[in-house]
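There are 2 protein chains.
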Amino acid sequence: MKNKLYAVGIGPGNERNMTRACRDALQDADIIIGYATYTALLTPLYPEKTFLSSGMRQERARCEEALRLAASGKRVAVVSGGDAGVYGMAGLLFELARAYADIEIAIIPGVTAANSGAALLGAPLGHDFAVISLSDLLTPWEIIARRLTAAAQADFAICLYNPMSHNRRDKLQKACDILLRHKPGGTLCGIAKNIGREGEETRLCSLVELRDTRVDMTSTVFIGSADTIEMDGNMVTPRGYRHV
Amino acid sequence: MKNKLYAVGIGPGNERNMTRACRDALQDADIIIGYATYTALLTPLYPEKTFLSSGMRQERARCEEALRLAASGKRVAVVSGGDAGVYGMAGLLFELARAYADIEIAIIPGVTAANSGAALLGAPLGHDFAVISLSDLLTPWEIIARRLTAAAQADFAICLYNPMSHNRRDKLQKACDILLRHKPGGTLCGIAKNIGREGEETRLCSLVELRDTRVDMTSTVFIGSADTIEMDGNMVTPRGYRHV
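Protein chains in written order, with the numbering used here: chain G, 1 to 244; chain V, 1 to 244.
Possibly wrong hints are sitting among the right ones.
A pair counts as met if it fits within one copy or between any two copies, since identical chains are not told apart.
Unchecked claim - Below, simulated DSS-like cross-link-like pairs (lysine-lysine); rule was C-alpha separation at most 27 Å, straight line:
| id | residue 1 | residue 2 |
| --- | --- | --- |
| 1 | K193 | K4 |
| 2 | K174 | K49 |
| 3 | K4 | K171 |
| 4 | K2 | K174 |
| 5 | K74 | K2 |
| 6 | K74 | K174 |
| 7 | K193 | K2 |
| 8 | K171 | K2 |
| 9 | K174 | K4 |
| 10 | K74 | K4 |
| 11 | K193 | K174 |
| 12 | K171 | K74 |
| 13 | K49 | K171 |
Honestly, the hints are just simulated from the structure, not real lab data.
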């Protein structure tokens, strides 16, 4: 029988937005492994579990440790914020698992920040949308810029992950400059901060205002399509062009 | 005090993938309203609740009924498959709610098919991705075609919703023809069918093969980026270009 390793998306971080499958996997696990922010959120909910945590950029080491433990017969859950398959650990686990014959990886999907953030703001992703990470740790900026341009030109609603990082504070500004070449400055935008956690807050602004807004790593940013409008304080992208 | 109306994303349809917030909202509701497929899934889980269901294209009437009932003091949950904010009822409810002063809409996010389908296939959306509906009921085909082109040119992984409809069976073929102008025929693709329900199945194929595959309304289609590869039967898009 193969050893099972769960790659679990825990959603934005509160228990309310975890799925039952997520909680079942965490309950079934002997060891829960993840980035320190997420294990800190989970420790009070699963006080009897063993947690292994590490910092950012330790993803590869965490996954290797998880696979090693799973191969030794432990039931292991590797947790990602949001969904394990969206900028999460799932892909890296599949990649590294090729060195092990005896591990079966089960991906438990979760509510990613595009959806949980959208729900706080209204319905900004009600029609076609693009999800783009501004992190250039693993992706050259030219590719990010090309994707921003394409998404703006084709009028997708856009959700930006990682709009700020430690080493680069001007990425959101650079991204907005690219978008402003193809979208009106008045395009409705939204920011969701600390989704599902202490300090949760949202804000609507224009694309021009977004350019000069300081966001942090806890923020997810939404940029409207040409159809996106404000309705009673909510950011809404209707489902179609003939939505009357 | 305002009357509360929940717009609830129930995920792919099984209880395992519902969040606690979803189940709490359904438990709190007097009446659960939705497309017949979803209310049929929920009726066995909430046998004591009143359900109101109707068919496709009755979205507007359903939302109006929901708002009318909420205004009369009933606690109402409008359910959408997946996430209420992604091609779901959330936007339409905000739109129609402008006629009522006394209703507060709470969006309960759920696991949308992009995430639940991806989890079955592996991790096809591990990096930047675009979500596009092929339904041309509300959106002219030219806009869909433009978005497919942009997503292919900028090398997004792509998730297609509504790849087939009653009246138009050739839309996936037309979409693949557009994508094939910009992407290699061998691009790895995946199909997830009946996610979380009876008859759940997945299949990997090339973009050329996808073009000639018959899918139905229960299918969600994934098209890889240039980086997407098969790993032990899983469709995986690594998190970055420098992922070694």
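Of the hints given before, which are not true for this structure?
Failing hints, ascending: 2, 3, 4, 6, 8, 9, 12, 13.
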